[in-house]
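Q: The listed protein sequences derive, respectively, from chains A and B. For the first sequence, my numbering assigns the number 5 to the initial residue and increments by one for each residue that follows. For the second sequence, my numbering assigns the number 5 to the initial residue and increments by one for each residue that follows.
If you are wondering where the hints come from, they were derived from the structure by calculation, not from laboratory data. Some hints here could point you the wrong way.
For chains that are exact copies, the list does not tell them apart, and a pair is met inside one copy or across any two.
What the hints assert, rightly or not - Lysine-lysine pairs mimicking DSS-like chemistry, simulated, CA-CA at most 30 Å apart:
(1) Lys124 / Lys34
(2) Lys124 / Lys39
(3) Lys11 / Lys39
(4) Lys58 / Lys31
(5) Lys239 / Lys145
(6) Lys11 / Lys124
(7) Lys239 / Lys31
(8) Lys58 / Lys145
Protein chains: 2
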Amino acid sequence: MSLERVKVLLFDTFGTVADWRGSIARKGEKLAREKSLPETNWDAFARAWRAGYKPGMAQVQSGERSWTPIDVIHRERLDEILTDIGLDSALGEDERQAMNLWWHQLDPWPDCLPGLARLKQRYLIGTLSNGSIIGLAGMGKRAGLPWDFIFSSDVFKAYKRDAAVYLGAIDLLNLEPAEIMMVAAHNDDLTAARSHGMCTAFIRRPYEYGPDQTSDFEPEEDWDVDCHSMEDLAKALGT
Amino acid sequence: MSLERVKVLLFDTFGTVADWRGSIARKGEKLAREKSLPETNWDAFARAWRAGYKPGMAQVQSGERSWTPIDVIHRERLDEILTDIGLDSALGEDERQAMNLWWHQLDPWPDCLPGLARLKQRYLIGTLSNGSIIGLAGMGKRAGLPWDFIFSSDVFKAYKRDAAVYLGAIDLLNLEPAEIMMVAAHNDDLTAARSHGMCTAFIRRPYEYGPDQTSDFEPEEDWDVDCHSMEDLAKALGT
Numbered sequence: 005m006s007l008e009r010v011k012v013l014l015f016d017t018f019g020t021v022a023d024w025r026g027s028i029a030r031k032g033e034k035l036a037r038e039k040s041l042p043e044t045n046w047d048a049f050a051r052a053w054r055a056g057y058k059p060g061m062a063q064v065q066s067g068e069r070s071w072t073p074i075d076v077i078h079r080e081r082l083d084e085i086l087t088d089i090g091l092d093s094a095l096g097e098d099e100r101q102a103m104n105l106w107w108h109q110l111d112p113w114p115d116c117l118p119g120l121a122r123l124k125q126r127y128l129i130g131t132l133s134n135g136s137i138i139g140l141a142g143m144g145k146r147a148g149l150p151w152d153f154i155f156s157s158d159v160f161k162a163y164k165r166d167a168a169v170y171l172g173a174i175d176l177l178n179l180e181p182a183e184i185m186m187v188a189a190h191n192d193d194l195t196a197a198r199s200h201g202m203c204t205a206f207i208r209r210p211y212e213y214g215p216d217q218t219s220d221f222e223p224e225e226d227w228d229v230d231c232h233s234m235e236d237l238a239k240a241l242g243t
Numbered sequence: 005m006s007l008e009r010v011k012v013l014l015f016d017t018f019g020t021v022a023d024w025r026g027s028i029a030r031k032g033e034k035l036a037r038e039k040s041l042p043e044t045n046w047d048a049f050a051r052a053w054r055a056g057y058k059p060g061m062a063q064v065q066s067g068e069r070s071w072t073p074i075d076v077i078h079r080e081r082l083d084e085i086l087t088d089i090g091l092d093s094a095l096g097e098d099e100r101q102a103m104n105l106w107w108h109q110l111d112p113w114p115d116c117l118p119g120l121a122r123l124k125q126r127y128l129i130g131t132l133s134n135g136s137i138i139g140l141a142g143m144g145k146r147a148g149l150p151w152d153f154i155f156s157s158d159v160f161k162a163y164k165r166d167a168a169v170y171l172g173a174i175d176l177l178n179l180e181p182a183e184i185m186m187v188a189a190h191n192d193d194l195t196a197a198r199s200h201g202m203c204t205a206f207i208r209r210p211y212e213y214g215p216d217q218t219s220d221f222e223p224e225e226d227w228d229v230d231c232h233s234m235e236d237l238a239k240a241l242g243t
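One chain only, chain A, in its complex shape (with noise of 0.2 Å):
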């Protein structure tokens, strides 16, 4: 597909641009240095707690729960992992409120100021997240991200993979779908981008996971770029 049209990037957030893993393990770990809590493996919970987040979506999804905001589904699958990992009555309610916002001060991968900065100079950049849009400013403010815009799947009472949230932006835009490119380190994601006419930018986030990360290593379609990094990007634009 031709590149040359293209007017606005729309970034995938959890993975392709924030390091959820790491930030939330660290957060972790301060937490428990603070208040002395029993040895915990604070990668393996976050892991654990990013685990419920498709689940809980997915009920969103299948109309078997109605509009449920990520900060409700996250607070859930939090509750549930502090039982299982024997930390219930270590942690009360006003810590928990707080632990809940940990995934809006995540911390982003390194390659990303530097190549937003770059590609902001030539494009309309967003996100286009499944986070809600108070997490993603939040986030974005934290970190110095500077993005033109937040689309969030708040704006659309769906979640990506729905089309809803594809077409809904496409929309709010404005444009031609092919005007669009999305950038995202999930396949499934640039599919669904796809088969609704954007164009496609695959990141490479090996790490995103960790010992749990199954897919996603490679571009498993020919995306319009294939690239390392968010600098990588801005290389293959030519910003």
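Add chain B to chain A, keeping to what the hints say.
A: Just chain B, lined up with the frame of chain A:
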């Protein structure tokens, strides 16, 4: 109302942040020089163009017309005015399309960049505007407005002062109304925001409409903040 709880500032843009009259007039003068157009009062042109905005929105608000993006309303009005002022044959389709994008390239009042930089340190800052997403994002990028997010009527498929816009913003932010402050140069915008429980800040923009300005010289209610510039607002909020 206590301002201690405010976390997010929502800004009206046309008039409050952007000097649409001066911006459009300057662009008209430049175009006239380039194209050797007949002598035209471009300040009056800007005001006439803007004057088509409220009747255009009113048709949507009354239900007489289905949802129509502001860029379409602007374009319809442009065609009418060019006929009215005798420039219909002088400007073709390409030029009209480019002129319509002037609304995406407005200059902010000079106090906005320094004021918003200070306010952004403490608050999440975003637009709540009748502009289009791509227009607001483009304007912000071009001028360097440091928005954390963009809320546009496009998202709510309704124009201010419809309740759907304010209630939609409160819902998307997932905050209590009292945690949100509406900032505007127009009393009726603040009346609507307050009716939904938001805090309110009035910025005096006595030069917005030039000779056409007949209202909004002063606050018409006891808004939580009454100020003369964005820097003044930053000072009032202690940032």
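Q: Against this structure, judge whether each hint is valid.
A: Status of each hint after checking the structure:
Taking identical chains as interchangeable, the C-alpha atoms of Lys124 and Lys34 lie at most 30 Å apart only when they sit on different chains, with a minimum of 27 Å there against 34 Å within one chain. In the homo-oligomer, the alpha carbons of Lys124 and Lys39 never lie at most 30 Å apart, since the shortest distance is 41 Å inside one protomer and 32 Å across protomers. For a Cα distance limit of 30 Å, the shortest separation of Lys11 from Lys39 across copies, 28 Å, qualifies, whereas the shortest one inside one copy, 48 Å, does not. For the identical chains of this complex, Lys58 and Lys31 are intra-copy neighbours only, at 22 Å inside a copy versus 50 Å across copies, given an alpha-carbon limit of 30 Å.
In this homomeric assembly, Lys239 and Lys145 come within 30 Å of each other (Cα to Cα) both inside a single copy, at 25 Å, and across copies, at 21 Å. Taking CA atoms no more than 30 Å apart as the test, Lys11 paired with Lys124 passes in both settings, with 10 Å inside one copy and 27 Å between copies. Proximity of Lys239 and Lys31 under a CA criterion of 30 Å is satisfied in neither setting, with 33 Å inside one chain copy and 34 Å between copies. Proximity of Lys58 to Lys145 under the C-alpha cut-off of 30 Å is restricted to the intra-copy arrangement: shortest distance 26 Å within a copy versus 34 Å between copies.
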